[in-house]
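Chain W is fixed; fit chain F onto it per the hints.
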Amino acid sequence: MVRYAGKQVLVTGGTGFVGGRLVERLILEEGASVRVLVKNWSKAVWVSRYRADLSAGDLLDPAALCEAVQGCAVVFHCASGPAANGGYRRTNIEGTRNLLDACKASGVERLVYISSTAVHGPNPLGTLTEEAPYVLLGRDYSDSKVETEKLIFAFGRDHDLPVSVLRPSFIWGPRSHLFTMRQLREMKNGTFRYIDEGSGACNAIYVDNLVDAMLRAGTRPEAVNEAFLITDGLEITWKDFFGQYATLLGIERLPSLSSESAVTVAACRLVDQLRGILDRLQGNPAPFPRKVVRRTVRILLTELEKRYCSYWDMEKYARKERIDISKARRLLGYAPSYGLCEGMRDTLAWVKDQMGWELGLTTHEE
Amino acid sequence: MSIRIGIIGCGAIAEEMHIPCVLRASEATLSALVDSDFARASELARINGGAVAGVRLDDVADQLDAVILATPPHTHLSLVQKACSRGLHVLCEKPLANTVAECELMIDAAVKAGKVLAAGHMYRFFPIRQLAMKLPSNHNLGYIRKVIATEGKQYSWPTVTGYTVRRDMVPGGVMINAGIHTLDSFIDWFGDPVDITYEDDAVGGLESNVRLRLNFRDGVRGFFRQSRTCSLPYRITFICDLGELSFSTNSIGEYTIIKNGTTEMHTCARENIDHTACWHAQLLDFVTSIREQRPPLVDGAEGTRVMRLIENCYTMKKARSMPSYAPIPGATW
Chain W
-10 MVRYAGKQVL
0 VTGGTGFVGG
10 RLVERLILEE
20 GASVRVLVKN
30 WSKAVWVSRY
40 RADLSAGDLL
50 DPAALCEAVQ
60 GCAVVFHCAS
70 GPAANGGYRR
80 TNIEGTRNLL
90 DACKASGVER
100 LVYISSTAVH
110 GPNPLGTLTE
120 EAPYVLLGRD
130 YSDSKVETEK
140 LIFAFGRDHD
150 LPVSVLRPSF
160 IWGPRSHLFT
170 MRQLREMKNG
180 TFRYIDEGSG
190 ACNAIYVDNL
200 VDAMLRAGTR
210 PEAVNEAFLI
220 TDGLEITWKD
230 FFGQYATLLG
240 IERLPSLSSE
250 SAVTVAACRL
260 VDQLRGILDR
270 LQGNPAPFPR
280 KVVRRTVRIL
290 LTELEKRYCS
300 YWDMEKYARK
310 ERIDISKARR
320 LLGYAPSYGL
330 CEGMRDTLAW
340 VKDQMGWELG
350 LTTHEE
Chain F
31 MSIRIGIIGC
41 GAIAEEMHIP
51 CVLRASEATL
61 SALVDSDFAR
71 ASELARINGG
81 AVAGVRLDDV
91 ADQLDAVILA
101 TPPHTHLSLV
111 QKACSRGLHV
121 LCEKPLANTV
131 AECELMIDAA
141 VKAGKVLAAG
151 HMYRFFPIRQ
161 LAMKLPSNHN
171 LGYIRKVIAT
181 EGKQYSWPTV
191 TGYTVRRDMV
201 PGGVMINAGI
211 HTLDSFIDWF
221 GDPVDITYED
231 DAVGGLESNV
241 RLRLNFRDGV
251 RGFFRQSRTC
261 SLPYRITFIC
271 DLGELSFSTN
281 SIGEYTIIKN
291 GTTEMHTCAR
301 ENIDHTACWH
311 AQLLDFVTSI
321 REQRPPLVDG
331 AEGTRVMRLI
341 ENCYTMKKAR
351 SMPSYAPIPG
361 ATW
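Heads up: the sequence lines are chains W and F, in that order. Those letters in the first sequence? Residues -10 to 355, by the numbering used here. Those letters in the second sequence? Residues 31 to 363, by the numbering used here.
Calculated from the structure, these hints are not laboratory results. No experiment lies behind these values; they were computed from the predicted model shown. Hints should not be assumed to be uniformly reliable.
[Said to hold, decoys possible] Within a straight-line C-alpha distance of at most 30 Å, the following computed BS3-like cross-link-like pairs (lysine-lysine) qualify:
| hint | chain 1 | residue 1 | chain 2 | residue 2 |
| --- | --- | --- | --- | --- |
| 1 | W | LYS341 | F | LYS347 |
| 2 | F | LYS183 | W | LYS28 |
| 3 | F | LYS347 | W | LYS177 |
| 4 | W | LYS177 | W | LYS32 |
| 5 | W | LYS341 | F | LYS183 |
| 6 | F | LYS183 | W | LYS32 |
| 7 | W | LYS295 | F | LYS183 |
| 8 | W | LYS32 | F | LYS176 |
| 9 | F | LYS164 | W | LYS341 |
| 10 | W | LYS295 | F | LYS347 |
| 11 | F | LYS142 | W | LYS341 |
| 12 | F | LYS183 | F | LYS348 |
Here chain W stands alone, though its shape is the one from the complex (with noise of 0.2 Å):
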């Protein structure tokens, strides 16, 4: 069943991942008219294959955003990353309510925006579900997810606009910069590890999978003022999961970390902060003691990362918890089209495409 053809949508973010499959799936499969908010005319070589309207604008112009929201009948929020001058917080938070306040004076009738199961820390006891609390970690990304969440419920609830917010995990597939080409690459050139030998529950989300959700979210009445997590809803570990990657590259198997190894924890809490570090010593023209520092800390931090992981994956992939779905399922009539194999069929047709020449899976005439 088609929901928006001949509706007007905006999607924020529709250069990214999640955000191009969407814009794709809307034109190809719903017919609905697409209007993209570009900020970066070179991130849209993927989108710009398809009949979309490209406006020019971001988060933090105003006058842009009520441009590109004018006409439109639901708004699907996508964007998110790191300002040039103020970090997520900035992006998320100022650039939400920007858009918030367009949604508002044209009248949009439903938004949608891609939060994180971040939103709600590290390490939930037991099953994850929908109820369990808003956990502020001091992480830029994760603490925005949080304050951002809040202002799109409360706007809504003040301004009567129908807002649906969705919690998805570990987002995969074609184009997954976090979860299938970094992966890749690291097992190609030695440097993925396991986590506990890939035991830890994966609760990955293919990225038609959430795709659907959002088309469910922006029309479904029963989603209004709800966030909803969102997964694969598959029982797989990460070795399942990632196993699949590595037999594509033809390797039988893949090193380990111990998250019970008080060694590799602590080496593994260095990587993060040598990466801190090394994130505020950024920028040029810098003193020479400065970049002396940045030198020493660059040639440490590379030689820890041939060995250890971050502690932020080490966490991600050591958790035991699985996610609970039945809410979506419930209100959004959410079932997971992609299985594992139907996902891993469709991503690895795409790796051999456009990863094929750099993994050496082909050569550059196939």
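Okay, now just chain F, sitting in the frame of chain W:
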């Protein structure tokens, strides 16, 4: 006497290439910079020797002998017609225009005005491209049987207007924007193809991935794969009877010969030739063609020829099955 040149369009290619090139050339003077964003034109004029700044060609035409057009291609036709009507010679950035029909109107305008129209296919000024057809016989490789070209990386050109991804401004994506250089070399080397098979990934918009197979008149087969979303080697290879010759698409003169199981590196360029020198060669050819009243190396007809090939490709396009828009299994709502 130095030729007074105005650069129309102050985007990335003007700032990074054309302005420095004109400033370095003794045969030309940078007399004006024009951009719809006057502040941008003024700032570039200020830091580049105090050329006159303007927002329209008409503002500065009286002070010029020639212009370099570095604006998006949908503006080329009207600007060439305007320039020629004001008595100015034109070096026009590639693609010459958005369509063959527009290219032909531009040639008409230049012919009627008696002015030079040069197409900015600057790879034609790379020594390796100019000597490529002689090198296989120099190395006893026999006849060329096949030419393979690949180029691809995540697109990152800092376009100000976004014209390279906007179908309201251009008729095509990666091929017309970047692949045009390699295609221009193909037809320069082997003539117009007699047969092509073309596929791309555009679905109502602009292509970002293409595969093109060509058959040339003398039996040489060609293959070109290009992407602005993924990494591919930037390389052109001639498969010959007795070995291979290959070079990077950015190579000025370096090339590799593979023969009898051995690989040898060679160069066909003088030591002091670099990219800057190739840009200068293009400008010098333009200026000389004005002075000597002869056609430039790449004239309007040559610029049109590669556009005709691209237009043919778009006309006979086969949609390329990209995995990312495979049908959704069991999608029910």
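Tested hints:
Between W:LYS341 and F:LYS347 the alpha-carbon distance is near 22 Å, which keeps this suggested pair within the 30 Å criterion. Simply put, F:LYS183 and W:LYS28 have alpha-carbon atoms about 20 Å apart, close enough for the 30 Å limit, and the pair holds. A threshold of 30 Å between alpha carbons decides the hint, and for F:LYS347 with W:LYS177 the separation of about 35 Å lies outside it, so the pair is violated. Taking the CA atoms of W:LYS177 and W:LYS32, the gap is about 26 Å. The hint holds against a cut of 30 Å.
Distance check on the hinted pair: W:LYS341 and F:LYS183 sit about 15 Å apart at the alpha-carbon level, within 30 Å; holds. At roughly 12 Å between alpha-carbon atoms, F:LYS183 and W:LYS32 fall within 30 Å of each other, so this suggested pair holds. Straight-line distance between C-alpha atoms of W:LYS295 and F:LYS183 comes to about 26 Å, which keeps the hinted pair within the 30 Å bound. Restraint check: the Cα-Cα separation between W:LYS32 and F:LYS176 comes to about 34 Å, which exceeds 30 Å; the hinted pair is violated.
A distance of roughly 36 Å separates the Cα atoms of F:LYS164 and W:LYS341; the hinted pair therefore is violated under the 30 Å criterion. For the proposed pair W:LYS295 and F:LYS347, the alpha carbon gap of about 46 Å is over 30 Å, so the pair is violated. Taken as a hint, the F:LYS142 and W:LYS341 pair is broken in the structure, with Cα atoms around 53 Å apart against an allowance of 30 Å. This hinted pair checks out: F:LYS183 and F:LYS348 have alpha carbons roughly 23 Å apart, not beyond 30 Å.
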